[in-house]
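Since chain V is already given, all that's left is putting chain P on it; use the hints.
Chains V and P supply the protein sequences, listed in that same order.
Adding 1 to a residue's 1-based position in the first sequence gives its number in my numbering.
Adding 1 to a residue's 1-based position in the second sequence gives its number in my numbering.
Keep in mind that the hints were calculated from the coordinates and are not lab data.
A few of these clues could be false.
Note that the list lumps identical chains together, so a pair holds whenever it fits in one copy or between two copies.
In silico DMTMM-like pairs for lysine to aspartate or glutamate, Cα to Cα no more than 25 Å straight-line [said to hold, decoys possible]: (1) K30 / E74; (2) K89 / E74; (3) K89 / D50; (4) K17 / E56; (5) K89 / E34; (6) K33 / D50; (7) K17 / D50; (8) K89 / D40; (9) K17 / E74; (10) K89 / D120; (11) K89 / D29; (12) K33 / E56; (13) K33 / E74; (14) K30 / E56.
Number of protein chains: 2
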Amino acid sequence: MGMGQAVIVAGIGCRKGTSAETIVDALDKASKEHGVAIDFIATAPIKADEPCLLEAATRLNMAFVVVAQPDFELASARTITQSAVSLKHSGSPSLSEAAALAALGPQSRLIAPRMVIGDMTVALATLGDDE
Amino acid sequence: MGMGQAVIVAGIGCRKGTSAETIVDALDKASKEHGVAIDFIATAPIKADEPCLLEAATRLNMAFVVVAQPDFELASARTITQSAVSLKHSGSPSLSEAAALAALGPQSRLIAPRMVIGDMTVALATLGDDE
Chain V
2 MGMGQAVIVA
12 GIGCRKGTSA
22 ETIVDALDKA
32 SKEHGVAIDF
42 IATAPIKADE
52 PCLLEAATRL
62 NMAFVVVAQP
72 DFELASARTI
82 TQSAVSLKHS
92 GSPSLSEAAA
102 LAALGPQSRL
112 IAPRMVIGDM
122 TVALATLGDD
132 E
Chain P
2 MGMGQAVIVA
12 GIGCRKGTSA
22 ETIVDALDKA
32 SKEHGVAIDF
42 IATAPIKADE
52 PCLLEAATRL
62 NMAFVVVAQP
72 DFELASARTI
82 TQSAVSLKHS
92 GSPSLSEAAA
102 LAALGPQSRL
112 IAPRMVIGDM
122 TVALATLGDD
132 E
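Excised from the complex, chain V in its bound form (with noise of 0.2 Å):
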């Protein structure tokens, strides 16, 4: 990220075997539609092991952050979508929201809610009020 710029994170969540094509597509439409450089992605612990998120980062020269549980699980109280199949399967009403806000830590705000791309989910957040 650029000096005085706002730090910006996108929050995965994907299913099983998505490829990391669709995850760089994603995070270049939703950078687009947003008109933000996305610095690093996050996602949750319990899709820390989809290689394809790791290869993603890989790809796009970024950090790749697995957020810490309990983290994820104070954000989650702070999400605005509301899915029945994430807090099914993560806990969270959006692991995609969680994940971006548990990334950049209690004073991290979403500037974008979760997406629905193809097979995955991404959600945009920063950190304090300095756009």
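Same frame as chain V, but now just chain P:
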């Protein structure tokens, strides 16, 4: 991490097949030796798929960060330790130091250079001057 406290990251390098127990013990040792609480762990892209690292992070309820390759390379210029083995395998004089530094960005600094603990290496970094 607590509010107002400096964030501490442990950069970790390990051999293939290192156990999560070894990592948990080493982090405990590093934490006590330096009188700091470790907030999260980080590694380089080439070590991202060592399952022990994610497992250790999960057990410790910590976030797990795979730093971006360009950040890892930049941070490699700021390492203290010079290890021929690390240089050969990762391209960095110290994988653990470079991972720790890269995880916290260009303003980071080492508070503990590389420690060799059994099969692994740990280095601690923090952000800014506010210890």
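Here is how each hint holds up against the structure:
1. K30 / E74: For K30 and E74, neither the intra-copy (28 Å) nor the inter-copy (28 Å) Cα distance is at most 25 Å.
2. K89 / E74: Result: close within a single copy only, 14 Å intra versus 40 Å inter.
3. K89 / D50: This pair counts as within: shortest intra-copy Cα distance 19 Å, inter-copy 27 Å.
4. K17 / E56: both (14 Å within a copy, 19 Å between copies)
5. K89 / E34: neither (29 Å within a copy, 42 Å between copies)
6. K33 / D50: Classified as neither: same-chain Cα gap 28 Å, cross-chain 30 Å, threshold 25 Å.
7. K17 / D50: This pair counts as both: shortest intra-copy Cα distance 10 Å, inter-copy 17 Å.
8. K89 / D40: neither (29 Å within a copy, 29 Å between copies)
9. K17 / E74: This pair counts as within: shortest intra-copy Cα distance 22 Å, inter-copy 31 Å.
10. K89 / D120: Within one copy only: 17 Å inside, 39 Å across.
11. K89 / D29: neither (28 Å within a copy, 34 Å between copies)
12. K33 / E56: Classified as within; 21 Å inside a copy, 35 Å across copies.
13. K33 / E74: neither (29 Å within a copy, 28 Å between copies)
14. K30 / E56: Within one copy, since 18 Å is at most 25 Å while 32 Å is not.
When held up to the earlier numbered hints, the structure conflicts with 1, 5, 6, 8, 11 and 13 and fits the remainder.
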